[in-house]
Amino acid sequence: MAETEDQTSAHRGEITVTAIREDDSYAPKKATVAGKAPADILEIPQSVSVVTREQIEDRNFFTIGEALQQVTGITVMPFDGSNPDYRARGFVLDYAYDGVPSTFSSGVPEFDLVIYERLEVQRGPTGLFRGSGSPGGTINLIRKRGQDKVAVSGALSAGSWNNYRGEFDVGGPVDAAGRLRVRAVASLTDRDFFQAKSHARKMIAYGALDYDLTPSTTIGASISYQDNKANTPMNGQPAFSNQGFLNFPRSFQHLPDWNIFTEKTVEYAAEVQQRVGDWSIVVRALKRDIPRSWMDAFIQPGTGVDPATLTATYVNRRSEGENGKEALDAYATGPFTLFGRQHDLTIGYSFDKRTTAFLSRSQTVAGRFSIFDADVVPRPARAFTSGSETDLRQSGLHAQLRLRPLEPLTIVLGGRISDYTNRIRGIAPSPVTAFRVTSKERGQFTPSVGAVLHLAKNVTLYGSYADIFNPQTALRKDGTVLDPRVGQQYEVGLKGRFLDGRLNASAAVFRSKDKNRLLEDVTAPGFYVAAGEVKIEGFEFEATGSPIAGLDLTLGYTNVKTEYAVAPASQQGAVFDIFTPRHQFKAYARYEPEALGGAFAAIGLNAQSGVVGAGVAGVREQGAFAIANAQLGFRFNAHLRAFVIANNLFDKVYYVRVGSINTYNNYGEPRNVLLTLRASY
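Under full-length UniProt numbering, the residue at position 124 of the sequence shown is numbered 124, and the numbers go up by one with no gaps.
It is possible that part of the hints are untrue.
Stated by the list, open to error - Cβ pair distances, simulated, as ranges:
| id | residue 1 | residue 2 | range |
| --- | --- | --- | --- |
| 1 | A151 | P447 | 29 to 35 angstroms |
| 2 | R671 | G623 | 18 to 24 angstroms |
| 3 | V449 | F372 | 36 to 42 angstroms |
Stated by the list, open to error - In silico lysine-lysine, DSS-like type, Cα no more than 27 angstroms apart, as pairs:
| id | residue 1 | residue 2 |
| --- | --- | --- |
| 4 | K652 | K197 |
| 5 | K287 | K353 |
| 6 | K440 | K353 |
| 7 | K457 | K30 |
Please keep in mind that the hints were generated in silico from the structure rather than gathered at the bench.
Just so you know, these numbers come straight off a predicted model, no measurement behind them.
Backbone N, C-alpha and C define an ideal beta-carbon position, used for all residues, glycine too.
The task is simple: from the sequences and hints, build the whole structure.
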C-alpha cells in the first residue's frame with residue numbers, strides 16, 4: 001500500500017515544518033507562536049490569530065502590513081514608507097522567525113510575505129521565549145520550505161497608480177526518495193502611490209533546501225534577499241501651525257522629489273532537527289544584514305505650515321549604515337509519562353544580538369520654502385557630522401511544561417531566566433569612544449502560568465498569567481539605572497472548534513499593567529524614579545473558517561482601554577496609547593458556490609472608533625469610520641483564477657494615522673483596484 005502524506009509526516013517525526021505546512025485553511029488547528037512545537041490552538045491559553053497561505057493568496061496580501069491590517073486587535077501605523085509599526089493592546093509588537101525571537105526598532109524593513117508560508121500573532125506578553133520585549137505580543141513568521149511534491153505557482157498583478165507586481169514559487173524533491181527538497185521564490189514590485197512623487201521598486205529572491213540526512217535527522221538552510229528603493233516615500237502630510245489639518249487633496253506632496261531611501265536585506269538561516277523517539281531536538285540560527293541609506297528633507301519637528309503664507313521651515317539630513325541581527329534558538333521538546341498520564345516538556349536556550357552602525361549628517365535647517373515648491377529645498381552636504389554604534393545582546397534559558405493531571409485539564413507552566421546588555425559608542429566623525437553600557441540585567445526571571453479546561457471535546461475554557469520585562473536607561477539621582485519596566489497580563493477566555501473543524505471561534509477578556517515606568521524625580525531635576533504605571537483592559541472576539549460549502553470568513557471585534565494609572569498630574573487617567581482605537585471591527589466573507597461554475601465574490605469591512613493620535617482633541621483628530629472592500633473573480637479550472645479587488649470601495653476620506661504638525665498625518669488609500677491572475681500547478 002502506498003504511503004499517505006500523513007504517514008510520511010509520521011515517519012519524519014511530525015516535525016514542525018510538516019505539521020504547520022499541512023494546516024492551511026481559514027480554520028487552522030495548530031500554531032507555534034506560543035511554544036516551540038505546533039500546539040492545538042484550543043490548548044493555547046492566550047489569544048492567537050493565524051493568517052495561512054490560503055488566506056494570503058485569496059486576499060492578495062503582499063506585505064506583512066496588509067495581512068496584519070485584517071487581524072483582530074491589530075493597528076497598523078505607517079512609518080516613513082518602510083515597514084510600519086504594528087500595535088496590539090497598547091504596545092508595538094515584536095517579531096519571531098520560525099520561533100527564533102528577535103526584533104528591530106521602528107521603520108526597519110522586513111521581507112514581504114512571498115517568502116513566508118504563514119503568519120501567526122500572539123497578543124499579550126510573550127516573555128517566556130524572548131525575555132525582554134513588548135507586552136503587546138509577537139508576530140511569528142513561518143518561512144517556506146522545500147516541498148515533498150513538485151509544485152509551481154505564480155501571479156501577475158496590475159492596479160491603480162501604476163502598481164505592477166509579479167511573483168513565482170517553484171519547488172519539489174530533487175532525488176527519487178524525496179530526501180532533498182528545494183524551493184525557489186522571487187517577486188518584483190514596481191509602483192507609484194496616491195501621493196504625488198512617491199515611487200517604490202522592490203525585488204525579492206529566496207531559496208531554501210531541506211535534507212533528510214538520516215531517517216531521524218533533517219537539516220535545512222535558506223537565503224533571502226530583498227532590494228528596496230523608495231523615492232519620496234509617503235510619510236503623510238504636515239499640519240498648520242495652529243494645529244489644524246491642511247485638508248489638501250490626498251495626492252498632495254510637500255516633500256522634495258530627491259528624497260530617497262535605499263535598503264538591501266540579506267538573511268541566512270540554518271537549522272538541524274534531530275528526532276529521538278517522540279522527542280525533537282532543534283537548533284536554528286539566522287543572520288540578517290541590512291545596509292541602508294537615506295537622504296531627505298522634511299518640515300522641522302515642532303513646527304508646521306504657516307496658514308497665511310503656506311510656507312514652512314525645512315530641514316535636511318543624510319545617513320548611511322547597517323542594521324545587523326544574529327540569533328540562535330536551541331530547544332528539546334517531547335512527551336513524557338508520569339502517574340500514568342502523558343505530559344509535554346520543552347527546554348531551551350536562545351541568544352539574540354542586534355547591532356546598528358550609522359554615519360549621519362544631523363538635521364540642518366535648510367530654510368523656509370513654499371510647501372508647493374519643495375523640490376528647490378537644497379540637498380544636505382555630503383560630509384557626515386556624527387557616527388554611532390549600538391550592540392544589544394540578550395540570552396536566556398527557558399522551559400515550558402504542559403501537565404495533564406486530569407483528562408479534561410491541561411496546566412501550562414513556564415519560566416525564563418534572561419541576561420540583557422545594551423552598549424553604545426561613538427564612531428568617527430563623532431569623537432571615538434569605547435563601548436558604554438547603558439543597560440544591563442542579569443538573571444531576570446520571567447514566569448508564565450496557564451490552565452486549559454475542556455468543557456467539551458472541542459470547547460475549552462482557559463486562564464493565564466504572563467510576565468515580561470523591558471530594561472531602561474534612565475538614571476536615579478544616586479547614578480544607578482532604573483529597574484526594568486515589568487509587564488504583567490491576566491487573561492481569561494473561551495475557544496471552540498465547530499462544524500467538524502471548519503470553524504474556529506474564541507473570546508477573551510484581558511487586563512495588564514506596565515509598571516516601573518520612569519517618572520521625573522521632583523527632588524532631583526534630570527533624574528528619575530521607577531514609579532509610573534499604565535493599565536490596559538479589554539475584551540475581544542474572533543471567528544474564522546468555512547461554516548458552509550463555498551463560504552470562507554473571518555470576523556473579529558476588539559474593545560481595549562488604555563490609561564495612565566500612575567503618572568504626572570497632566571497625564572493621570574488619560575489615554576496611554578493614543579494611536580489605538582477603543583473599538584475595532586474587522587470582517588471578511590468570500591463565497592464561491594459550485595452553482596456559479598467558478599465565479600466567486602468577497603466583501604470586507606474594517607471599522608473603528610475615533611482616535612486623537614498626536615493631534616489635538618476637537619481640532620485635529622480622526623473620527624469613527626468604516627472602510628469597505630470588494631472582490632470579484634472567476635476560477636477557470638483547478639489551476640488558474642483571475643480576480644479584481646476594489647479597496648476603499650466608497651472612497652472614504654480618512655486618516656490612518658494622526659501625527660504631529662510637521663509630519664505623519666497619513667491619509668488612508670483612496671479607492672483603488674488591483675487585477676490579479678494567479679496560477680498553480
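Here is what the structure says about each hint:
A hinted range of 29 to 35 angstroms for the beta carbons of A151 and P447 is inconsistent with their spacing of about 43 angstroms. Distance hint check for R671 and G623: the Cβ-Cβ separation is about 20 angstroms, which falls inside the suggested range of 18 to 24 angstroms. Distance hint check: the CB atoms of V449 and F372 are about 59 angstroms apart, inconsistent with the given range 36 to 42 angstroms. Distance hint between K652 and K197 is fulfilled; the C-alpha atoms sit about 22 angstroms from each other, no more than 27 angstroms.
This hinted pair checks out: K287 and K353 have alpha carbons roughly 9 angstroms apart, not beyond 27 angstroms. With a C-alpha separation of about 14 angstroms, the suggested pair K440 and K353 falls inside the 27 angstroms cut-off, and the hint holds. Between K457 and K30 the alpha-carbon distance is near 16 angstroms, which keeps this suggested pair within the 27 angstroms criterion.
Comparing the model with each numbered hint stated earlier shows that hints 1, 3 do not hold.
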